[in-house]
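Enquirer: Here is what each chain is made of, one letter per residue.
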Amino acid sequence: MFAYLVKRFFQAIAVMFVISLISFAIQDNLGDPLRELVGQSVSEEVRQQLRDELGLNDSFLKQYGRFAWNALHGDLGTSYFFKEPALTVILKKLPATLELVFGATLIIIGLSIPLGVYTAIRPNSLATRVIMGLSIIGISIPVFLTAILMIFLFAVELRMLPSYGRGDLVHLFGYWSTNFGSWDGLKHIFMPSLALASIMLPLFIRLIRSEMMETLESEYVKYAYAKGIAPRRIWFVHALKNTLLPVITVGGVQIGTMVAYTILTETVFQWPGMGFMFLEAVNRVDTPLIVAYLIVVGFIFVVTNTIVDLIYGLVNPTINLARMS
Amino acid sequence: MSLLSVRDLCVKFAMRDQNVTALNGISFDLDRGERLGIVGESGAGKSITGFAILNLLSKPGYIAGGKISFDGEEITQMDDKTLRHLRGNRIAMIFQDPMVTLNPVLTIGQQMVETLKAHRRISRADAEKISVMKLREVYIPAPEERLRQYPHELSGGMRQRIIIAMALLLDPQLIIADEPTTALDVTIQADIMELLLELCQSNKVSLILITHDLGVVSQMTERTLVMYAGRIIEAGKTREIINDPQHPYTQGLINALPQQTRPGERLQQIPGNMPGIASIPKGCAFHPRCQYAVEVCRTKVPDIVNLGPVEVACHEVQRMNVAEVLA
Amino acid sequence: MNSIAMDAPLTRWQRFKKSNLVYDFRRNPVAIVSFTIFLVIVLASVFAGLIAPFDPYDPRQLDIMNSELPPVWQSGGDDLFLFGTDAQGRDLWSAILYGTRISLIIGICAVALQAFIGISIGLVAGYVGGRTDNLLMRIADVQLSFSTLMVAIIFLAVSQAMFGTETFNKYALFMLVAVIGIAEWPQYARTVRATVLAEKKKEYVDAARVLGFGPLRIMLRHILPNSISPIFVISTVQVANAIISEASLSFLGLGMPVSQPSLGSLISSGFDYIFSGSWWITAIPGIILVVLVLVINLLGDWLRDVLNPKLYKG
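Chains as they are written, first to last, in our numbering: chain U, 1 to 325; chain R, 1001 to 1327; chain L, 2001 to 2314.
So that you can see chain U by itself, here it is in the shape it has in the complex:
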């Protein structure tokens, strides 16, 4: 168990290192920090002097070293646009994105497991056909289109739900602002979460369904039937756990995709989260913010992947002992 942890830890560090290297390379080549600081009307001499002072004429390695050192201390540069430390800007937007992801995950887990299991147990029922049909349509509609469709339907035509922004927020612990504290907040977060979930939901339903169907064909399930165990127990105790194991692995991989989709969703709903911020930063060529975003997202990504791997190792009995022996 311990060896496994250590190995994953070093893997995480290695990945972070690569991400930081790439991010720094981007920063080095993108935009001119001098221009942002002092504008156009400064003489060449003064420019060079400033470059020296800022350490911009140092070697790549030295600059990278400085960059990494600063990053580890929480300093990811200053945003050109916001004129604030980049990390601060990101942290302000973080709750919005995290809550969005949380809402989407709730929907995905809450729906995919029961629907996936049901379509596996009753493969020929009408309900199954409907669900599978909707799934394939769901996969075929890109996230942003689903979002647009929802806005059009619920906000423009039916006027039931708001079409942009976070709405009324409830503030917690001085830092966090949540949508889940008020009715208005919930109305605002509903559509974006649903849109974000809409691509992953069909994927998970199909995945759970196919894994479940395969598990139901296995020898140990047949044996459970031969022992006279009730079908309910066979489905939910014998089959489900085996089914969910590979789903956990896939789920981990999908986290990366989820992050990309937040950018799309936030853009459509004008949701003031990290993704929207990133896109605006790209349009404004706000390099420090772009780079800071990459590092933060990379970090979140690596952490979540490691946690998912850990959960998998804990839940799967065959893994633990393989490590210990």
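Keep in mind that the hints are not guaranteed to be accurate.
For each label pair, taking beta carbons as the anchor points, the in silico distance ranges come out as [said to hold, decoys possible]: (1) L/Asn2134 with U/Phe81: 42 to 48 Å; (2) U/Asp168 with R/Lys1059: 52 to 58 Å; (3) L/Asn2134 with U/Glu45: 53 to 59 Å; (4) U/Gly74 with L/Arg2221: 56 to 62 Å; (5) L/Arg2221 with U/Leu54: 29 to 35 Å; (6) L/Arg2138 with R/Lys1204: 58 to 64 Å; (7) L/Ala2087 with U/Phe299: 22 to 28 Å; (8) L/Ile2051 with U/Gly74: 57 to 63 Å; (9) L/Val2210 with R/Ser1279: 31 to 37 Å; (10) R/Arg1266 with L/Arg2138: 49 to 55 Å; (11) R/Lys1300 with L/Val2210: 47 to 53 Å; (12) R/Gln1291 with U/Met213: 44 to 50 Å; (13) L/Ile2287 with R/Gln1018: 42 to 48 Å; (14) R/Met1133 with U/Ile13: 49 to 55 Å.
Residues of chain U placed beyond 12 Å of chain L at every Cβ, according to the derived structure [said to hold, decoys possible]: (15) Val6; (16) Phe9; (17) Ile107; (18) Ile113; (19) Glu157; (20) Ser218; (21) Lys241; (22) Gly298; (23) Leu310.
A partial selection of chain U residues facing chain R, derived with a Cβ cut-off under 7 Å [what the hints assert, rightly or not]: (24) Tyr220; (25) Ala226; (26) His238.
Hint data in this document are derived by calculation from the structure and do not stem from the laboratory. Heads up, the beta-carbon is just placed ideally off N, CA and C, and yes, glycines get one too.
Using the hints, position chains R and L against chain U.
Expert: Chains R and L in isolation, oriented as in the chain U frame:
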């Protein structure tokens, strides 16, 4: 009255454009405490017979006709609930490969306790006590510890013992063992077989032993059925069949045993292969491989006829028998 | 000696017509309809030059007075413009035809690139084995966990910021193909590698080796043909995904520019106008996009079911 009575059992597979017959007119009886062997090559239909008794056929197989009577009740007419009551409880099964029979994510204890709880009102503590007791009967060391372990922590031989213990948990009247040692090391096979024999004898449990191994059958069973291409072609006391096989196929099987060949000689094989389900020849299914085949063998399926110590389904054998009687 | 009459050997085409694939296709209404729709869309986009009443890339044909006209079946619509016009007065029908062509080109080329890279790597990894295999699969794993969309967004965003919008738009098509093509090779690599590992054990590979065939020839002429089925199945899904990815990227402004729009950029250009009532600029390209991807997905599903060597179809 016999414990199990199978009459004219017919099992078919619903394939895309046609239905193929896997079992054709299987009939046999089994008394209480009796041990019956079902022998044949892979694909003969032995396992299907075993599964059919519990109505456990996986799609697209289904019981197309016939009767299966267990302790007076008709299995083919039973609804799911009654069937479930039967399975694991009064009829237990032992599967072939212990490496895949047990659920890898549940402990041994969980899998044993659930079997008990499925059929009796019993507390978990009591169920565990019974499980430990049964584990002792199959000579598993430190049984209480085993309950907490997962299948992958145990060897193949141990797993099969546990499965045998699970089969005995509810004191069944019949155990159907489908090739219980094929997937095990040769050295373990004998142990497991001995264990099974001992338990069946001491608990007075009927046994249907499905195997391709004639040696095993001769040690374990009192009567034997020989199957070929979905039919029974010879049936009778095991001793008789082994010592004096009547059907050409059975003779071929016995002759093919390595023990029958002297060192340095070639092993005697039956030429050809058993036909697949979808391509069973007309008439006697064995006729393309049979050295005694005559015209009638190609056209007419031989009935199984009682010839004293054994029953045989072969035109030639019947003809010779009639000739003897007349002579 | 018996004289055995032999049938004349069937040609490839005749064998194909008799095959399981065609048999199943004929009996499957979903497959037939999907394929027909797909064919119609592809042909329409290929012959866009002949079908489209206007050239959406020609600024001289644009008249700002024509902007935001609704489709012909709504009041205010003009007979000239079947699906109405966009904010710049461009005929939506023509724009959709050309746009679909771009979306398809990007989708298919990107997948061709992915397939080429992935199959090559998969063949090498599977055949050579050992440390090379380990290394390549490690890289594949890491790449798989970074979602294509994320990598594409970053790459294109950075490129756009570095090269400026004008240069970027000139090369947008190639960059999209490159990014989507390079990012998704692991799927192919893994599948091909699995097939290679399975086939390597078979006797015909040993036979070929004994006959002195070099590894390249064995890989290409003997092993590869046996892995065609899974490659086909993956390819359909990948084309669908590539089209969606490109649409998403164009929607974000990181893909095809509005002057040379794909379906994604068309949808994006119309987004702001749904609130003011001009729903068709977004909706109609959107519907076409969904239908295109849907039929590709349906065909992919059907293909997977048919090529699956399961003897039971009850």
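Enquirer: The structure should be examined with respect to each hint, and the outcome stated for every one.
Expert: Structure-based check of each hint:
1. For L/Asn2134 paired with U/Phe81, a C-beta distance near 45 Å keeps the hint of 42 to 48 Å intact.
2. Checked against the hint of 52 to 58 Å, the C-beta distance between U/Asp168 and R/Lys1059 comes to roughly 55 Å, which is consistent with it.
3. Between L/Asn2134 and U/Glu45 the beta carbons are some 55 Å apart, a value that agrees with the proposed interval 53 to 59 Å.
4. A C-beta distance of roughly 58 Å is found between U/Gly74 and L/Arg2221, which places it inside the suggested range of 56 to 62 Å.
5. Separated by about 60 Å at the C-beta atoms, L/Arg2221 and U/Leu54 break the suggested range of 29 to 35 Å.
6. Roughly 60 Å separates the CB atoms of L/Arg2138 and R/Lys1204, a value that falls within the hinted 58 to 64 Å.
7. With their beta carbons about 40 Å apart, L/Ala2087 and U/Phe299 fall outside the hinted range of 22 to 28 Å.
8. Between L/Ile2051 and U/Gly74 the C-beta distance comes to about 59 Å, which sits within the given range of 57 to 63 Å.
9. Separated by about 34 Å at the C-beta atoms, L/Val2210 and R/Ser1279 satisfy the suggested range of 31 to 37 Å.
10. Between R/Arg1266 and L/Arg2138 the Cβ separation comes to about 52 Å, which falls inside the hinted range of 49 to 55 Å.
11. At roughly 50 Å, the beta-carbon separation of R/Lys1300 and L/Val2210 lies within the given 47 to 53 Å, and the hint holds.
12. A hinted range of 44 to 50 Å holds for the C-beta pair R/Gln1291 and U/Met213, which are about 47 Å apart.
13. Look at L/Ile2287 against R/Gln1018: about 44 Å separates their beta carbons, and that is inside 42 to 48 Å.
14. The hint said 49 to 55 Å for the Cβ distance between R/Met1133 and U/Ile13, and at roughly 53 Å that hint holds.
15. A cut-off of 12 Å between C-beta atoms confirms that U/Val6 is not in contact with chain L; the least separation is 18 Å.
16. Distance check on U/Phe9: its Cβ is at least 16 Å (rounded) from any Cβ of chain L, clearing the 12 Å threshold; non-interface status holds.
17. The Cβ of U/Ile107 lies farther than 12 Å from every Cβ of chain L, with a closest approach of about 19 Å, so its non-interface assignment holds.
18. Every C-beta of chain L lies more than 12 Å from that of U/Ile113, the closest at about 22 Å, which supports listing it as non-interface.
19. A Cβ of chain L approaches the Cβ of U/Glu157 within 12 Å, the least distance being about 10 Å, so the stated non-interface status is violated.
20. For U/Ser218, the shortest C-beta to C-beta distance to chain L comes to about 15 Å, beyond the 12 Å cut-off, and the non-interface label holds.
21. Chain L leaves U/Lys241 outside its interface by the beta-carbon criterion, the shortest separation being 24 Å against a cut-off of 12 Å.
22. Look at U/Gly298: its CB is around 9 Å from the nearest CB on chain L, not clear of 12 Å, so calling it non-interface is violated.
23. Listed as outside the interface, U/Leu310 is consistent with that label: its C-beta sits roughly 15 Å from the nearest C-beta of chain L, beyond the 12 Å cut-off.
24. A least Cβ separation of about 4 Å between U/Tyr220 and chain R falls short of the 7 Å threshold, and the interface hint therefore holds.
25. For U/Ala226, the shortest C-beta to C-beta distance to chain R is roughly 4 Å, which falls under 7 Å, so the interface hint holds.
26. Below 7 Å, beta-carbon pairs count as interface contacts, and U/His238 has one with chain R at about 5 Å; its hint therefore holds.
Hint compliance for this structure: hints 5, 7, 19 and 22 are not met, and every other hint is.
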